[in-house]
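Student: Sequence:
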Amino acid sequence: MTHMADEIKTAAAEESKPSPAEQIKAAVEAIVYAADEPATLDQISNALGVEKPTARAALDLLAASYAAEDCGIEVRKVAGGWKFYTKPQHHDAVRKFIKSLQPPLRLTMPALETLAVVAYKQPVTVPEINEIRGVHVGGVIKTLLEKRLITTAGRKEVIGRPILYRTSKQFMMRFGLSDLDELPSLKEFEQLAQAALGSDSGIAPSEPGEGGAEAAMIRESGENDDLGELAEDPNEAPEQTRSAAAGSDPA
104 MTHMADEIKT
114 AAAEESKPSP
124 AEQIKAAVEA
134 IVYAADEPAT
144 LDQISNALGV
154 EKPTARAALD
164 LLAASYAAED
174 CGIEVRKVAG
184 GWKFYTKPQH
194 HDAVRKFIKS
204 LQPPLRLTMP
214 ALETLAVVAY
224 KQPVTVPEIN
234 EIRGVHVGGV
244 IKTLLEKRLI
254 TTAGRKEVIG
264 RPILYRTSKQ
274 FMMRFGLSDL
284 DELPSLKEFE
294 QLAQAALGSD
304 SGIAPSEPGE
314 GGAEAAMIRE
324 SGENDDLGEL
334 AEDPNEAPEQ
344 TRSAAAGSDP
354 A
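Count along the sequence shown from 1, then add 103; that gives the number in our numbering.
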């Protein structure tokens with residue numbers, strides 16, 4: 104009798120044991136959860152020692168498991184990898200929670216306009232941004248670099264070799280974008296920025312150096328650029344690794 108009971112328990116344990124596919128899915132879930140930055144398919148497959156199709160199938164299973172309406176988070180592909188994000192229907196609650204922890208990141212109108220130029224014209228130099236906006240944007244570029252929304256992308260092969268700027272991975276994560284093809288129209292950009300930056304108004308008052316006197320400094324000549332001190336090595340601009348987007352809040 105005891106022997107039969109042991110056999111029943113053993114059989115039940117075997118039935119409850121996760122399948123290989125479920126075990127891989129669970130491992131992928133742990134990796135995506137632990138990663139500060141979006142985990143790429145290469146990183147996941149290498150960490151698990153499985154082929155990319157197997158890792159991708161596990162990612163699909165994981166995403167499907169969080170697609171149920173009673174789940175507050177989802178697995179989303181952003182910036183070339185996968186990361187946990189809160190679902191849109193819970194953004195208001197998460198936004199209030201984030202605001203209770205720390206002041207939200209806000210941009211002035213000059214900074215928002217300059218960020219839009221970089222996003223849609225990248226890679227782009229300061230002289231080119233100056234020409235588009237009609238004002239000198241040196242102070243605004245410094246602000247965007249400090250907020251990790253843009254980064255350097257080498258130097259343009261023209262006279263003076265001005266620094267090229269592009270949006271950063273932090274920008275992609277804040278705006279919940281998988282790639283730049285997902286950028287909205289310029290008309291929709293400000294509305295998206297208000298949500299992604301986590302503030303009710305979205306637009307902060309102008310900071311010193313972003314308007315006024317600087318707005319009057321129209322760029323008279325072309326390609327020489329005095330912002331070299333902002334990034335001595337174009338490849339050394341740091342990238343912030345943790346997203347706090349209210350419009351696409353990470354779990």
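Just so you know, not all the hints are guaranteed correct.
Unchecked claim - Here are the simulated lysine-lysine pairs, DSBU-like style, with alpha carbons at most 35 angstroms apart:
{"no.": "1", "residue 1": "K128", "residue 2": "K224"}
{"no.": "2", "residue 1": "K199", "residue 2": "K155"}
{"no.": "3", "residue 1": "K224", "residue 2": "K199"}
{"no.": "4", "residue 1": "K190", "residue 2": "K250"}
{"no.": "5", "residue 1": "K128", "residue 2": "K199"}
{"no.": "6", "residue 1": "K250", "residue 2": "K180"}
{"no.": "7", "residue 1": "K155", "residue 2": "K245"}
{"no.": "8", "residue 1": "K245", "residue 2": "K199"}
{"no.": "9", "residue 1": "K245", "residue 2": "K180"}
{"no.": "10", "residue 1": "K190", "residue 2": "K224"}
{"no.": "11", "residue 1": "K224", "residue 2": "K259"}
Source of the hints: derived by calculation from the structure; they are not laboratory data.
Student: Holds or violated: are the alpha carbons of K190 and K224 at most 35 angstroms from each other?
Tutor: Roughly 30 angstroms separates the two Cα atoms, so the pair holds.
Student: CA of K250 to CA of K180, is that 35 angstroms or under?
Tutor: holds, 23 angstroms
Student: Could you grab the alpha-carbon distance between K199 and K155 and see if it respects the 35 angstroms cut-off?
Tutor: violated, 39 angstroms
Student: So if I understand the rule, the pair passes when the alpha-carbon distance is 35 angstroms or less; does K245 with K199 pass?
Tutor: With a Cα-Cα distance of about 29 angstroms, the restraint between K245 and K199 holds, given a limit of 35 angstroms.
Student: Assess, step by step, whether the Cα of K245 is no farther than 35 angstroms from the Cα of K180, and give holds or violated.
Tutor: holds, 29 angstroms
Student: CA of K128 to CA of K199, is that 35 angstroms or under?
Tutor: Distance of about 32 angstroms is within 35 angstroms: holds.
Student: Please work out if K190 and K250 have their alpha carbons no farther apart than 35 angstroms.
Tutor: It holds: about 25 angstroms lies between the C-alpha atoms, which stays within 35 angstroms.
Student: Verify the proposed pairing of K128 with K224, using a straight-line Cα cut of 35 angstroms.
Tutor: Cα-Cα ~39 angstroms, so violated.
Student: Please work out if K155 and K245 have their alpha carbons no farther apart than 35 angstroms.
Tutor: violated, 40 angstroms
Student: Take the C-alpha atoms of K224 and K259, compute the straight-line distance between them, and say whether it is at most 35 angstroms.
Tutor: holds, 14 angstroms
Student: Would you check the hint for K224 and K199, treating anything up to 35 angstroms between C-alpha atoms as holding?
Tutor: The given pair, whose Cα atoms are some 34 angstroms apart, holds under the 35 angstroms limit.
Going through the hint list in order, the structure does not satisfy hints 1, 2 and 7.
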